[in-house]
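Engineer: Please model the complete structure; the sequences and the hints are all you need to start from.
Protein chains in written order, with our numbering: chain U, 159 to 272; chain Y, 47 to 158.
Keep in mind the hints are simulated off the structure, nothing from the lab. Hints should not be assumed to be uniformly reliable.
[Said to hold, decoys possible] Straight line, CA to CA, 16 Å or less: simulated EDC-like cross-link-like pairs of lysine to aspartate or glutamate:
hint: 1; chain 1: U; residue 1: K241; chain 2: U; residue 2: E176
hint: 2; chain 1: Y; residue 1: K115; chain 2: Y; residue 2: E63
hint: 3; chain 1: U; residue 1: K200; chain 2: Y; residue 2: E51
hint: 4; chain 1: U; residue 1: K200; chain 2: Y; residue 2: D53
[What the hints assert, rightly or not] Over 12 Å on every C-beta distance to chain U, these chain Y residues come out as not near it, computed from the model:
hint: 5; residue: N77
hint: 6; residue: R106
hint: 7; residue: D112
hint: 8; residue: D129
Since this is a predicted model, take the numbers as computed values, not measurements. We put the CB at the ideal spot given by N, CA and C, even for glycine.
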Amino acid sequence: EPEVTQTPSHQVTQMGQEVILRCVPISNHLYFYWYRQILGQKVEFLVSFYNNEISEKSEIFDDQFSVERPDGSNFTLKIRSTKLEDSAMYFCAEGTGSTTGELFFGEGSRLTVL
Amino acid sequence: SQQGEEDPQALSIQEGENATMNCSYKTSINNLQWYRQNSGRGLVHLILIRSNEREKHSGRLRVTLDTSKKSSSLLITASRAADTASYFCAPISKTSYDKVIFGPGTSLSVIP
Numbered sequence: 159e160p161e162v163t164q165t166p167s168h169q170v171t172q173m174g175q176e177v178i179l180r181c182v183p184i185s186n187h188l189y190f191y192w193y194r195q196i197l198g199q200k201v202e203f204l205v206s207f208y209n210n211e212i213s214e215k216s217e218i219f220d221d222q223f224s225v226e227r228p229d230g231s232n233f234t235l236k237i238r239s240t241k242l243e244d245s246a247m248y249f250c251a252e253g254t255g256s257t258t259g260e261l262f263f264g265e266g267s268r269l270t271v272l
Numbered sequence: 047s048q049q050g051e052e053d054p055q056a057l058s059i060q061e062g063e064n065a066t067m068n069c070s071y072k073t074s075i076n077n078l079q080w081y082r083q084n085s086g087r088g089l090v091h092l093i094l095i096r097s098n099e100r101e102k103h104s105g106r107l108r109v110t111l112d113t114s115k116k117s118s119s120l121l122i123t124a125s126r127a128a129d130t131a132s133y134f135c136a137p138i139s140k141t142s143y144d145k146v147i148f149g150p151g152t153s154l155s156v157i158p
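Structural biologist: Pasting the structure below:
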């Protein structure tokens, strides 16, 4: 079964720096999501993306965050000015858009903000 | 979408024993899914049960669904050390294409 690929697997950055996390989609998937998991906590929804626009976003997804899918290729999450509390695992998830709603997750990108 | 509540929060068993996890939810669903997360890894979809089904099997996994009680259970038979992970249920509402909301999960430890 095709896998969802995320890059980088681990990124260390200084507070205030911009970070871009990438997800390589599976070809027939139409719905894209970003989730976050702070160490020891539950997996939290950040944003959903369909047809090149945000479908829904959580309270966590503030103005520091943005998503895009340039040229219909990689799905990216950008954090403009990282904070210490942004340190977490970020998971990309994708779905076909079928009514079952099954999601396929990447292995995650671990972000460490110093 | 809605969040499922898994119970117990933590479960520790010996290898070879069966593990049962429960999930409760609040509003009507189209289907309910179970996911597994190994420590530090991405979530993996395990099994899906539709609202008109009562039981479903996949290998060593058995899922039941009781829509009248708004509850589901996941049974892992003959557990292995490799089953050590967190398990999450995801109730999917009739208005699908929606985000999946994950609860705190059940942390399963299988002791060799």
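Engineer: Against this structure, judge whether each hint is valid.
Structural biologist: Hints, one by one, checked against the model:
{"no.": "1", "hint": "U:K241 / U:E176", "result": "holds, 10 Å"}
{"no.": "2", "hint": "Y:K115 / Y:E63", "result": "violated, 27 Å"}
{"no.": "3", "hint": "U:K200 / Y:E51", "result": "holds, 12 Å"}
{"no.": "4", "hint": "U:K200 / Y:D53", "result": "holds, 14 Å"}
{"no.": "5", "hint": "N77", "result": "violated, 6 Å"}
{"no.": "6", "hint": "R106", "result": "holds, 19 Å"}
{"no.": "7", "hint": "D112", "result": "holds, 20 Å"}
{"no.": "8", "hint": "D129", "result": "holds, 18 Å"}
Hint violations for this structure: numbers 2 and 5, all remaining hints satisfied.
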